[in-house]
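Quick mapping for you: the protein sequence lines, in order, are chains F and C.
Position 26 of the first sequence, counted from 1, bears residue number 26 in the working numbering, the numbering being contiguous throughout.
Position 295 of the second sequence, counted from 1, bears residue number 671 in the working numbering, the numbering being contiguous throughout.
Please note: incorrect hints may appear among the correct ones.
Keeping only pairs whose Cα atoms sit at most 30 angstroms apart, straight-line, the calculated DSS-like set for lysine-lysine is [unchecked claim]: (1) C:Lys665 with F:Lys77; (2) C:Lys453 with F:Lys118; (3) C:Lys528 with F:Lys46; (4) C:Lys494 with C:Lys453; (5) C:Lys672 with F:Lys77; (6) F:Lys296 with C:Lys422; (7) F:Lys77 with C:Lys601; (8) C:Lys672 with F:Lys118; (9) F:Lys102 with F:Lys118; (10) C:Lys422 with F:Lys77; (11) F:Lys152 with F:Lys102; (12) C:Lys601 with C:Lys528; (13) F:Lys296 with C:Lys494; (14) C:Lys665 with C:Lys422; (15) F:Lys289 with C:Lys453; (16) C:Lys494 with F:Lys294; (17) C:Lys601 with C:Lys672; (18) C:Lys453 with F:Lys294; (19) C:Lys422 with F:Lys46; (20) F:Lys46 with C:Lys453; (21) F:Lys296 with C:Lys453.
Because the hints were derived from the structure by calculation, they are not lab data.
One-letter residues, chain by chain:
There are 2 protein chains.
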Amino acid sequence: MFELLTTHDQARRGRLHLPHGTVETPVFQPCGTYGSVKGMTPLDLKAVGTQMLLGNTFHLMLRPGDEQIRDLGGLHKFMGWPGPILTDSGGFQVFSLGDLRKLNEHGVVFRSPVNGDKVELTPESSIQVQANLGSDVVMVLDECTAHPATHKQAEDSMQLSLRWAQRCRCAFDQDREASVNPGAKLFGIVQGGMYEDLRRVSLAGLQEVGFDGYAIGGLSVGESKEDMDRVMSALLPHMPPQQPRYLMGVGTPQDLVRGVSLGVDMFDCVMPTRNGRNGYVFSHSGVVKIRNAKHKHSQLPIDERCDCYTCQNFTRAYLHHLDRCGEMLGAMLMTHHNLHYYHNLMAQLREAIETGTFRTLARTLFNDWNNNNESV
Amino acid sequence: MFELLTTHDQARRGRLHLPHGTVETPVFQPCGTYGSVKGMTPLDLKAVGTQMLLGNTFHLMLRPGDEQIRDLGGLHKFMGWPGPILTDSGGFQVFSLGDLRKLNEHGVVFRSPVNGDKVELTPESSIQVQANLGSDVVMVLDECTAHPATHKQAEDSMQLSLRWAQRCRCAFDQDREASVNPGAKLFGIVQGGMYEDLRRVSLAGLQEVGFDGYAIGGLSVGESKEDMDRVMSALLPHMPPQQPRYLMGVGTPQDLVRGVSLGVDMFDCVMPTRNGRNGYVFSHSGVVKIRNAKHKHSQLPIDERCDCYTCQNFTRAYLHHLDRCGEMLGAMLMTHHNLHYYHNLMAQLREAIETGTFRTLARTLFNDWNNNNESV
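Generate coordinates for the entire structure from the input sequences, incorporating the hints supplied.
Here it is, written out as structure tokens:
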């Protein structure tokens, strides 16, 4: 399923072959939480260069329900998105509920934030839900280790995730034919907190089970950039080169460049969409805060170097005005720009790996970001 | 500026020549309150067949301010809409403020609902604001007569509007060269409440001043459909045939067909956009309430006969889900459909007038609407 085309230092240029299409990597996946990337039609997504989406199991199993989506033909058909979809396991959101959930070896029980119903999520049920959604890439259910955690806490949590990963593998293999998307792939998730030794134990354990790809979970949870870099630098060289590597829930444009330079192939994050709705827009010289009064009269686009629909047609003054009036169009246009920015960044990185100019490009990007007036 | 191409009974097929383009009439104008038709980009508007927009003077003078829009090159440039724009006078919204405004011969003073500032609107200032916006069609400031009103109240109000219309004409002619759009046209507004005699006095008074077009104001203010029809039937045959006729703030699809059959050329209303955001969508068989639980599992589009982007790609079940989750995309897709529905209806009416089949079409439309299960 994964073709490694070329490398430049540790950066990798590849291609993911999935039932709903081929994805050029490294790739950024926008978040389509409830079966919709907020403010974007499938046509808009194509226009900004989206190749692959993330859908949230937790949200979709509660509303409208995975069985309903299955009965309507699966998530692709339901939301009118013909390209590949990856679904998370629901675990991350359940663990974010804090005291509202109860965890044991079997799985996790929580109260639905939608209607208060008691809901259970187990490795087996998470796989079942994702089979009903019909995603192209299914993620194992894991426990997202708390941060900070002692070595013992991180180890216990990682070991539980390993046992769950094994159960997910079994459930996935048994249910495959009943899935809406029988050609789906299953990814394992490396845990182990900030401990490099645990990360390597986790990876080895997952490899023993065997997965189509390996994700790095439990980062971007409040740790320092140095910790994130340290864990990634220690882990990535050990990951199997012939399989895709997915850094979950990350991140800023800077994080993407760092991740790619260390050998990551796939990313997802709410940042471009959520920030777009809140008037934080990305440019080659850093983040522009559109709510800042200085943009009220600005005839400039968000980014003069950008060729997206928003930058080609609208000024900062107009976006500032729309944001101030709470006009939906502001959120739409800024989301459009941010996703275009992210996808364009990834396209630049892909090209630079191909042409052997990745190091130069990364240096230029960081220089531009660091020399700006309104930093992230 | 107005070309009357053909008529069928009283229905008229025409063409409006305006500085920013030519408009085929009868035409429906979506409302772009704050310089944005909620949930629609200019590209989306073109896709659904929008020819001409309405901008709200009251809203835009408060946010971002008409002088700012002038300094940024006018409303067309500000919002990225290259086609014709009509602006109302701001009067209707000011009068909707009720006790928060004070009216005298000179004009009306009110407290800004945005920041509490005291703001004055006079015939002269309304024209000035619209000149700063640079609209193609400028409306006179009038007093929207309260409903119900006695004959005396309606007459006094109508006479005040007439005197204001005269002052608007003078201000418009004097300020023309300083306008962002020197080729703009000025429309008068017929008032007189539900009294046919007053309506005719108002029209005669306006014609004496002389305008590029004549609007019918003060309808769709809570009167019965019979009253609306009675006033329109009494007034329209007296309106000058060589000039465009604009029925303000109207209305339902049924109202549009009735209006066109009586000789109206132009309409505007928030209905397709506001209703779209609230899950009321139009179809050939009447209104579909997408929030109704019966649509939860429906694989049907809103309207099987519709070829809009929404109906070609999404089910009622998906729209129901988006609406339930408060997803922006639901409002966007339903607004898209509703505007397409309105513009397509107008296109059908235009064609039927040309081919002499208007009466048949109107009968078919009403039959379909009346035979549906979920009426308006």
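Results for each hint:
no., hint, result
1, C:Lys665 with F:Lys77, "holds (22 angstroms)"
2, C:Lys453 with F:Lys118, "violated (54 angstroms)"
3, C:Lys528 with F:Lys46, "violated (61 angstroms)"
4, C:Lys494 with C:Lys453, "holds (29 angstroms)"
5, C:Lys672 with F:Lys77, "holds (15 angstroms)"
6, F:Lys296 with C:Lys422, "holds (27 angstroms)"
7, F:Lys77 with C:Lys601, "violated (43 angstroms)"
8, C:Lys672 with F:Lys118, "holds (22 angstroms)"
9, F:Lys102 with F:Lys118, "holds (11 angstroms)"
10, C:Lys422 with F:Lys77, "holds (27 angstroms)"
11, F:Lys152 with F:Lys102, "holds (20 angstroms)"
12, C:Lys601 with C:Lys528, "holds (23 angstroms)"
13, F:Lys296 with C:Lys494, "holds (22 angstroms)"
14, C:Lys665 with C:Lys422, "holds (26 angstroms)"
15, F:Lys289 with C:Lys453, "holds (22 angstroms)"
16, C:Lys494 with F:Lys294, "holds (25 angstroms)"
17, C:Lys601 with C:Lys672, "violated (34 angstroms)"
18, C:Lys453 with F:Lys294, "holds (20 angstroms)"
19, C:Lys422 with F:Lys46, "holds (19 angstroms)"
20, F:Lys46 with C:Lys453, "holds (27 angstroms)"
21, F:Lys296 with C:Lys453, "holds (15 angstroms)"
Violated hints, listed in ascending order, are 2, 3, 7, 17; each of the other numbered hints is respected by the structure.
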